[in-house]
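J.: Next come the chains, spelled out residue by residue.
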Amino acid sequence: MSTIFEKSVPGRIGYRLPEADVPTEPIESLIPDALLRKEAPNLPESSQIEVVRHYTKLSKMNYGVEDGFYPLGSCTMKYNPKINEDMARLAGFADAHAWQGEELSQGSLHLMYDLGEMLRQTAGMDAITLQPAAGSQGEMVGMMLIRKALEKRGELGKRTKIILPDSAHGTNPASAMICGFEVMETKSNKNGKVDLEAFRANVDDTVAGFMLTNPNTLGLFEEDILEITQIIHDAGGYCYMDGANLNAILGHARPGDMGFDIVHYNLHKTFSTPHGGGGPGSGPVSVVAELAPYLPVPVAVKHDDGTYGLDFDRPDSIGKMQAFHGSFGMLIRAYTYIRMLGSDGLKSVSDHAVLHANYIKERLKDTFNLPYDETCMHEVVFSGRGAVEGAHMTDIAKRLLDYGIHPSSIYFPLIVPEAMMIEPTETVSKEELDEFIDALKAIVKEGKQDVNVLLEAPHTTPVRRLDDVKAAKELILRA
Amino acid sequence: MMHEFIPATDADRQAMLDAIGAASIEELFVGIPDEIKARFESLDLPALTELETRQQLQALASENANPDQYVSFMGGGLYDHDVPSAVGHMLMRQEFLTCYTPYQAELSQGTLTWMFEFQSMVCELTGMEVANSSMYDGASALAEALLMAERVTKKKRFAIAKSINPAHRQVLNTFQWAREYEFIEIPFDPQTGQLDRAAVKQAAQESLAGLIVQSPNFTGVIEELSGLKDMIGDAFLVVSANPMSLGLLAPPGQFGADIVVCEGQALGHAPNFGGPMLGMFATQKQYIRQMPGRLAGQTVDKEGKTGYVMTLQAREQHIRRAKATSNICTNQALLALGTTIYLSLIGKHGLRQQGELNAQKAHYLSRELNAAGIETKFNGPFLNEFVIQVSDPQATKEKLVSKGFLVLGADTLQLCGIDDGLLLTVTEKRTRAELDQLVSALKEA
Ligand SMILES: Cc1ncc(COP(=O)(O)O)c(C=O)c1O
Chain D
1 MSTIFEKSVP GRIGYRLPEA DVPTEPIESL IPDALLRKEA PNLPESSQIE
51 VVRHYTKLSK MNYGVEDGFY PLGSCTMKYN PKINEDMARL AGFADAHAWQ
101 GEELSQGSLH LMYDLGEMLR QTAGMDAITL QPAAGSQGEM VGMMLIRKAL
151 EKRGELGKRT KIILPDSAHG TNPASAMICG FEVMETKSNK NGKVDLEAFR
201 ANVDDTVAGF MLTNPNTLGL FEEDILEITQ IIHDAGGYCY MDGANLNAIL
251 GHARPGDMGF DIVHYNLHKT FSTPHGGGGP GSGPVSVVAE LAPYLPVPVA
301 VKHDDGTYGL DFDRPDSIGK MQAFHGSFGM LIRAYTYIRM LGSDGLKSVS
351 DHAVLHANYI KERLKDTFNL PYDETCMHEV VFSGRGAVEG AHMTDIAKRL
401 LDYGIHPSSI YFPLIVPEAM MIEPTETVSK EELDEFIDAL KAIVKEGKQD
451 VNVLLEAPHT TPVRRLDDVK AAKELILRA
Chain Y
1 MMHEFIPATD ADRQAMLDAI GAASIEELFV GIPDEIKARF ESLDLPALTE
51 LETRQQLQAL ASENANPDQY VSFMGGGLYD HDVPSAVGHM LMRQEFLTCY
101 TPYQAELSQG TLTWMFEFQS MVCELTGMEV ANSSMYDGAS ALAEALLMAE
151 RVTKKKRFAI AKSINPAHRQ VLNTFQWARE YEFIEIPFDP QTGQLDRAAV
201 KQAAQESLAG LIVQSPNFTG VIEELSGLKD MIGDAFLVVS ANPMSLGLLA
251 PPGQFGADIV VCEGQALGHA PNFGGPMLGM FATQKQYIRQ MPGRLAGQTV
301 DKEGKTGYVM TLQAREQHIR RAKATSNICT NQALLALGTT IYLSLIGKHG
351 LRQQGELNAQ KAHYLSRELN AAGIETKFNG PFLNEFVIQV SDPQATKEKL
401 VSKGFLVLGA DTLQLCGIDD GLLLTVTEKR TRAELDQLVS ALKEA
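If you're matching them up, the sequences are chains D and Y in order. Using the numbering used here, the first residue of the first sequence is number 1, and each one after it goes up by one. Using the numbering used here, the first residue of the second sequence is number 1, and each one after it goes up by one.
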């Protein structure tokens, strides 16, 4: 596929600016010549239709949630309702400046406050910030909250360690590290859960906190969670829940009731805001009362007179994480989604996410190795090892592309060799589930007959398998 | 009850439960201890239909200022520029809107190709050698620049211009505390509004990790970047730039910048009450392995056909975990695409025209204000933002709002130590009539 640069023809334009309607002066008389650019940046020169066609063509080389099943584990690729997009583009919201003042922003602030309350209560927590731009920034906020709390307790230099399981997502250790903590991995037991014995041995008076995804990245609920959070609390640490997997427990269980002190939400997973090819997301963080004073500024509040505002007057706050108030456009979408589902609908979301994952598990467990054979939550993790002699998980995934289905996550979590992490979500029909199951079975069958069909896959995509090594060696990163 | 987002019928549920061998869905939640279930309290929120939801959201949106009733002179890092219709329409294509990070490259060539294009355009604008495919916002990109400068120089002391966006400075302060940085504040010249170069020289005596400047700075004044790198030696020169200005102004890379970051919202995005935003991040090739964020690289497929993949992933959290160059995972991809399309439309010469048009209108306004006896606070060069001198900025601002003009509150400029000014921003959307009306309103205020 050629880039827009290659299609450029000198002289063409895709957008015109109006003539100046004010008296003008030569630009050099306004801005000293030394500060002006001498050579135009090499941007494309294309007419509007060419630009539109180029990006239409590019879009056709992608696969979206509306193309078909997208069971990417840990990513919650559910349907992104169309109404979300319309609501986020209402002029009153879209044209608002972040600093236009409380009186002129009542609608935005009202929405932020109400959404905050809904999310906070969904997790059973005491206070919330909507500012983090994504889950990972939420984790960083969480780690900073712990840092602040330790500072207040005079224990900052002493408590240096964040414990997390070996099944944790990569952002967890990376976020802890940026905030100056050491990371200690605690191992999982043969059931895929935190190994309590090993865990206990890791906990001492240097522990600052513990991070856990629950259900964990194997799609299993940590049944010892009350004991785990108790152990951390007894040792003087804080418990952080990575809420990436909240789609499993809506309407059933709340992190606050499990002993967590901090939890982040991925609105781009659980609450239907679109992933956009990698972003934007939104990663609100809710906390127990003890940590509330440390939340980032500003916090959306409701005043006694019923109006809404932004509270900047929080002397113990860790500060700001973003220039403005968070991914407001994403907050609108999440709010829209929650209002359309209501509390019963949210429970139904998790009911079906879990039902679908267990259905897949049951129907594929004779085809693939199931390292942890128990009732799963919203996702199921198989191992592709041994499914087809001579083929890796990646080969099976690539072959699925030929069937017109997006593969699951693969090679995550790291503790399962050749992992295949399937998250169907609630928005898939049984027909699509069956089609996916049948496709995987067919792939294993054809692979057993001729493994090259897998090794050579994909055969039908816009490009065949790409050379990663060449890309990393040559580092051609711009046109 | 059926819901339009959940396809399963009673028959589907029964068939799946039968296959699983469970009597009910509730049974599938056995993993959750009863004690936790017993504590559960429901949100108690009714489900609205699409019609009801739309009515509700429309009512909320109308609680904000009606954009038709106000003329905006607000900027300060969040801008009201025109967005070509083609940008919004292309972003609505579900293949771009709903897909995930391009982990399956063969089915993500659309995303990977525009990432490559975006990186190229950021390099062109900033005059730098490599750019990543986005950060959360301009402020967090700046924070990442500090983290990277620390990694490379192994130092924790930064000289920071007092004239950078105070909201960005607040984000940096958070990292200062979390990473135990030392900040030396570089004042601005009270006449020109430009960086006090003597102060830079002095700060450079202390061994610095970096010097952080913004151009145009928060007061709208364009900085003289030339010579700064020589003053600070091995320390990183980190420049935060308004990318809209970079068709007209010399790119920071030309002056030896080590990292250039931008807030990209001005290129193709509505203000959206401040988010989502678009962080841009560019550096020199020698530092590429220390760089944060995703990168697309060109390669070939097994048949020799050109294609794109994510590359140098060994820097990233999903591979390197606690040793990653950043914790970022989800980024601002869709906004980066919007900016790529915007820049493709406005094109090679259009961005300069855009800068000139903004500058002409802003300079007209400043001339008219001066003629009416309202002074501009600094005499340094500016593009489309400048500070006017007013004795009681809050009162003046309120009077302007009552007449239908939006301007930034005095509190933001106060964070830069200016308590007798108001920041005015002029974009191509402002007409001469609106500029003249603002002059009259300010004369009366
Ligand atoms: C388990 C888990 N934790 C954290 C994250 C990071 O979230 P985000 O991409 O929003 O930063 C992800 C997302 O991929 C995840 O799956």
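What the hints contain is simulated information worked out from the structure, not anything from laboratory work. Predicted model, so just to flag it, every value in this text is computed and none were measured. Just so you know, even glycine gets a beta-carbon here, dropped at the ideal spot from N, CA and C. Hints are not guaranteed to be accurate.
Here are the simulated lysine-lysine pairs, PhoX-like style, with alpha carbons at most 20 angstroms apart [to be verified]: (1) K162(Y) / K470(D); (2) K305(Y) / K154(Y); (3) K155(Y) / K302(Y); (4) K161(D) / K323(Y); (5) K323(Y) / K429(Y); (6) K470(D) / K154(Y); (7) K470(D) / K285(Y); (8) K473(D) / K302(Y); (9) K473(D) / K201(Y); (10) K323(Y) / K156(Y); (11) K154(Y) / K37(Y); (12) K7(D) / K305(Y); (13) K190(D) / K7(D).
Chain Y stretches covered by chain D per the calculated footprint, using a threshold of three residues with CB under 8 angstroms from any CB of chain D [as the list claims (entries may be wrong)]: (14) 11-23; (15) 181-195; (16) 201-213; (17) 415-428.
Okay, the calculated beta carbon distance ranges per label pair [stated by the list, open to error]: (18) D82(Y) / V451(D): 23 to 29 angstroms; (19) E375(Y) / P26(D): 39 to 45 angstroms; (20) R16(D) / E180(Y): 35 to 41 angstroms; (21) D44(Y) / N189(D): 47 to 53 angstroms.
J.: Mind checking the hinted window 39 to 45 angstroms against the Cβ distance between E375(Y) and P26(D)?
T.: violated, 24 angstroms
J.: Would you check the hint for K190(D) and K7(D), treating anything up to 20 angstroms between C-alpha atoms as holding?
T.: violated, 56 angstroms
J.: Between the alpha carbons of K470(D) and K154(Y), is the straight-line distance 20 angstroms or under?
T.: Violated, because 31 angstroms separates the two Cα atoms, which is more than 20 angstroms.
J.: Note whether the CB distance of D44(Y) and N189(D) lies within 47 to 53 angstroms or breaks it.
T.: violated, 38 angstroms
J.: Do at least three Cβ atoms from the stretch 11-23 of chain Y come closer than 8 angstroms to Cβ atoms of chain D?
T.: Since 9 is at least three, the answer is holds.
J.: Would the pair K473(D) and K201(Y) pass a check requiring their Cα atoms to be no farther apart than 20 angstroms?
T.: Status violated; Cα separation ~40 angstroms.
J.: Take the C-alpha atoms of K305(Y) and K154(Y), compute the straight-line distance between them, and say whether it is at most 20 angstroms.
T.: violated, 42 angstroms
J.: Hey, K323(Y) versus K156(Y), does the alpha-carbon distance stay inside 20 angstroms?
T.: Answer holds: K323(Y) to K156(Y) is near 18 angstroms, not above 20 angstroms.
J.: Need the status of pair K161(D), K323(Y): alpha-carbon distance at most 20 angstroms?
T.: holds, 15 angstroms
J.: Is the Cα-Cα distance between K470(D) and K285(Y) 20 angstroms or less?
T.: Status holds; Cα separation ~17 angstroms.
J.: The stretch 415-428 of chain Y covered by chain D? Criterion: 3 or more residues, Cβ-Cβ distance below 8 angstroms.
T.: Answer violated; 1 residues pass the 8 angstroms Cβ test.
J.: Below or equal to 20 angstroms on CA atoms is what counts here, so check K154(Y) against K37(Y).
T.: This hinted pair is violated, its Cα atoms lying about 49 angstroms apart.
Checked against the numbered hints listed earlier, the structure breaks hints 1, 2, 3, 5, 6, 9, 11, 13, 15, 16, 17, 18, 19, 20, 21; every other hint is satisfied.
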